Amino acid sequence: MEIINQAVAANQQALSEYQAKLVLAGYGICVTREKLAADRDAAVAAAREIGFPVVVKGSGANLMHKTESGVVFVNIADEQGIADAFETIAGRLGGNFKEVLIQEMVSGKRELVLGLHREPQFGPCVMLGLGGVLTELINDTAFRIAPFNETEAKDMAADLRSSEIFKAFRGEAAADMDKLAQSLCALGHIGMEQENIAEIDINPMIITPDGGLKAVDALVVLKGGSH
Amino acid sequence: MIDSIRDSALYKIANPESIAIFGASNKYTAMGTGILSSIMQMGFEGRIYPVHPKEAVVQGHKAYSSVLDLPETPDLAIIVLPTLVVPEVVDECGQKGIGHAIVVSGGFSEVGDDGATLEKRLKDAAARHKIRFLGPNCIGVVNTHLKFNATFLPCEHPPGFIGMASQSGSFITQMFDYLGRYSLGFSTGFSVGNEASIDIVDCMEYLAHCPDTRVIGLYIESIRRGRKFIDTARRIMPQKPIVAYYVGGTEAGGRAGLSHTGALAGEDRIYDGVLKQSGVIRAHSIEELFDICWCLGTCPLPKGNRVVVQTHSGGPGAVAADACSRNGLELPAIEDGTKQKLAEYIPHTGTMNNPVDLTFTNRNLDYFVDLPKILLQDKNVDALLVYMMMPRGMILRVAESMGVAKEEAREAAVKFIKDQSTQMADAMRNSDKPWIGYSYYSMESDFIASLYKAGAPVMPGPNRAARALGAMGQYVEMRNKIISLN
Chain A
1 MEIINQAVAA
11 NQQALSEYQA
21 KLVLAGYGIC
31 VTREKLAADR
41 DAAVAAAREI
51 GFPVVVKGSG
61 ANLMHKTESG
71 VVFVNIADEQ
81 GIADAFETIA
91 GRLGGNFKEV
101 LIQEMVSGKR
111 ELVLGLHREP
121 QFGPCVMLGL
131 GGVLTELIND
141 TAFRIAPFNE
151 TEAKDMAADL
161 RSSEIFKAFR
171 GEAAADMDKL
181 AQSLCALGHI
191 GMEQENIAEI
201 DINPMIITPD
211 GGLKAVDALV
221 VLKGGSH
Chain B
228 MIDSIRDSAL
238 YKIANPESIA
248 IFGASNKYTA
258 MGTGILSSIM
268 QMGFEGRIYP
278 VHPKEAVVQG
288 HKAYSSVLDL
298 PETPDLAIIV
308 LPTLVVPEVV
318 DECGQKGIGH
328 AIVVSGGFSE
338 VGDDGATLEK
348 RLKDAAARHK
358 IRFLGPNCIG
368 VVNTHLKFNA
378 TFLPCEHPPG
388 FIGMASQSGS
398 FITQMFDYLG
408 RYSLGFSTGF
418 SVGNEASIDI
428 VDCMEYLAHC
438 PDTRVIGLYI
448 ESIRRGRKFI
458 DTARRIMPQK
468 PIVAYYVGGT
478 EAGGRAGLSH
488 TGALAGEDRI
498 YDGVLKQSGV
508 IRAHSIEELF
518 DICWCLGTCP
528 LPKGNRVVVQ
538 THSGGPGAVA
548 ADACSRNGLE
558 LPAIEDGTKQ
568 KLAEYIPHTG
578 TMNNPVDLTF
588 TNRNLDYFVD
598 LPKILLQDKN
608 VDALLVYMMM
618 PRGMILRVAE
628 SMGVAKEEAR
638 EAAVKFIKDQ
648 STQMADAMRN
658 SDKPWIGYSY
668 YSMESDFIAS
678 LYKAGAPVMP
688 GPNRAARALG
698 AMGQYVEMRN
708 KIISLN
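So the sequence lines, in the order shown, correspond to chains A and B.
If you read the first sequence in the numbering used here, its first letter stands for residue 1, the second for the next number, and so on.
If you read the second sequence in the numbering used here, its first letter stands for residue 228, the second for the next number, and so on.
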């Protein structure tokens with residue numbers, strides 16, 4: 001894939017979130033609608049196009065932990081909010097600032113984490129877990145070695161202690177399990193086909209109120225990036 | 228995947244007609260001597276050639292000072308020598324034309340860099356002569372059906388149906404006594420050691436084709452050929468169940484990279500996924516591993532997860548019901564037709580709910596043979612758990628109270644227990660639905676001991692019985708999944 005080749009050639013440790021989403025979307029994984037904007041006016045225009053409310057994030061290949069760097073602003077409802085977020089992000093990143101990512105605001109009470117890493121004895125290994133800020137604390141995860149098919153992917157979902165999360169929940173529809181299985185298989189395919197990708201995190205993958213799935217944040221670490 | 232057991236690198240290792248043994252002497256403290264003693268003690272009928280630099284006769288067998296002097300090329304070399312000389316001896320075995328070896332000697336890659344260098348030399352020597360070998364740093368092999376026990380502990384259990392490959396030699400040799408207690412046994416057991424030439428995947432392929440093996444057991448600390456393991460297991464498991472006890476790292480973060488995924492990927496969770504997608508049942512203790520092997524090797528497979536519990540004691544019945552619910556098993560209500568058939572057997576103090584509780588009954592044969600048959604005819608029932616208890620003391624007391632003389636009562640009790648257990652074991656064996664016993668009594672009870680001898684699965688306690696039955700259900704589910712994908 002061209003994006004990956006370019007990033008490797010540029011010695012990037014990881015893809016930017018925007019690039020990562022393009023890779024995931026290329027494999028059929030459903031991602032947020034989003035646009036890059038290098039100045040305030042472009043940011044406002046992008047937000048109008050996507051539709052308020054939006055998320056404004058600092059963007060760059062070296063920004064692997066954006067929340068910790070204080071460059072993520074969610075639920076921005078108007079143009080003034082975009083302008084303020086833009087200034088704050090530019091200020092915090094200083095000389096490293098390049099552009100912001102304007103992204104649709106996805107609602108949904110249920111958050112998953114999907115991931116890929118490489119196991120020395122087994123090869124590409126796909127993870128599904130309970131996502132969100134408590135991911136590590138709850139540590140409810142299931143793994144499968146790629147390649148595997150959708151039946152196996154659904155088995156993986158059933159392995160979670162909190163597999164009830166996929167059923168209808170507080171007014172939200174049951175999760176689209178076919179879509180989830182396809183996303184897990186797609187991560188496996190990426191692992192099989194893209195040797196330059198070392199690790200992937202999709203955290204969170206939100207289950208939307210209608211049961212759909214959307215990758216809200218994504219990290220793609222490149223080979224050599226994780227040492 | 229091999230097509231026939233004879234294509235396996237392990238065939239001559241587990242079925243040799245003649246062996247050369249290095250490191251056996253007349254000194255009874257040497258490990259090699261112990262292995263030769265075990266081989267002789269079990270009654271191996273093949274030809275044995277000790278190779279020893281000084282001794283003319285070793286344990287009654289003519290010894291040779293060099294393998295090159297042997298009157299024939301043996302099928303197998305068993306090497307129990309100091310580490311440093313092993314590569315050279317393997318080279319000599321190759322010159323003699325020997326194609327297979329067991330390298331028991333340790334001190335190779337398991338002890339660090341110097342050992343790893345020696346292991347490389349060993350592998351090179353073997354490769355030069357196309358020798359395939361088990362080990363190094365292993366405890367050997369046992370094939371009970373050939374009366375071939377090339378391990379240093381005596382194997383006294385009868386020939387069995389559990390084919391085992393273990394990354395710890397102890398879970399072969401030190402299980403002889405454990406399995407024997409239940410009249411179980413290994414068909415063939417492999418201690419794989421450092422897996423320099425033959426690994427656990429090779430063992431699985433051999434055991435898949437081994438006619439004496441009904442179920443494959445694995446003790447795993449680390450799988451070397453990961454992808455091959457998954458593919459091979461998936462091919463084997465529809466015909467022969469595989470049960471694995473994995474012990475490795477439980478810590479998360481073993482794969483820590485830049486992602487959360489790397490941080491969350493603990494070995495235990497990954498192996499859990501690997502075993503599931505391989506269709507391998509995961510046991511969580513060595514006892515559980517053998518419980519599951521026992522039930523899979525002796526019972527028909529359940530068609531579903533609905534269990535009826537039969538008891539004549541309230542507590543043990545309630546505990547079994549509870550254990551079932553924690554092992555993915557359901558306790559359905561029994562059909563009205565079944566209740567009508569049961570009515571004549573069950574006293575007014577009993578209950579025909581599930582668990583079916585007879586309370587006190589003086590009709591023992593009904594309890595152990597007739598009632599289970601009626602319950603298993605029920606269309607709501609896929610499997611049966613029966614609580615088992617028949618202390619000899621109780622039977623003696625009954626007989627004596629009926630005025631039978633003491634000596635006569637003792638003989639009658641023995642006969643009664645034998646008849647009951649035999650009939651019950653026959654009924655269990657001929658059932659088309661799984662029927663598992665559980666008891667708090669052990670071999671000390673002659674009723675239980677006699678059931679073991681007749682090949683009936685009687686688990687120590689209801690939790691182990693429910694877990695084993697639950698695992699059989701898991702096997703059926705995984706098998707259906709894997710067959711549907713092939």
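Calculated directly from the structure, the hints in this document are not laboratory data.
The reader is advised that the hints may include incorrect statements.
[Stated by the list, open to error] Keeping only pairs whose Cα atoms sit at most 27 Å apart, straight-line, the calculated DSS-like set for lysine-lysine is:
1) A:K35 / A:K179
2) B:K600 / B:K645
3) B:K357 / A:K154
4) B:K374 / B:K347
5) B:K289 / B:K467
6) B:K633 / B:K600
7) A:K214 / A:K179
8) B:K606 / B:K645
9) B:K323 / A:K179
10) B:K680 / B:K708
11) B:K455 / A:K154
12) B:K645 / A:K154
13) B:K467 / B:K254
14) B:K680 / B:K374
15) A:K35 / A:K214
16) A:K154 / B:K680
17) B:K254 / A:K223
18) B:K467 / B:K350
19) B:K347 / B:K254
20) A:K167 / B:K289
21) B:K289 / B:K347
[As the list claims (entries may be wrong)] Okay, the calculated bits of chain A under chain B, using three or more residues with CB under 8 Å as the criterion:
22) 86-95
23) 205-219
These figures come from a predicted structure and were not determined experimentally.
For every residue, glycine included, the Cβ atom is placed at its ideal position computed from N, Cα and C.
Which numbered hints does this structure break?
-> 3, 4, 5, 6, 8, 9, 10, 12, 13, 16, 17, 18, 19, 20, 21, 22, 23
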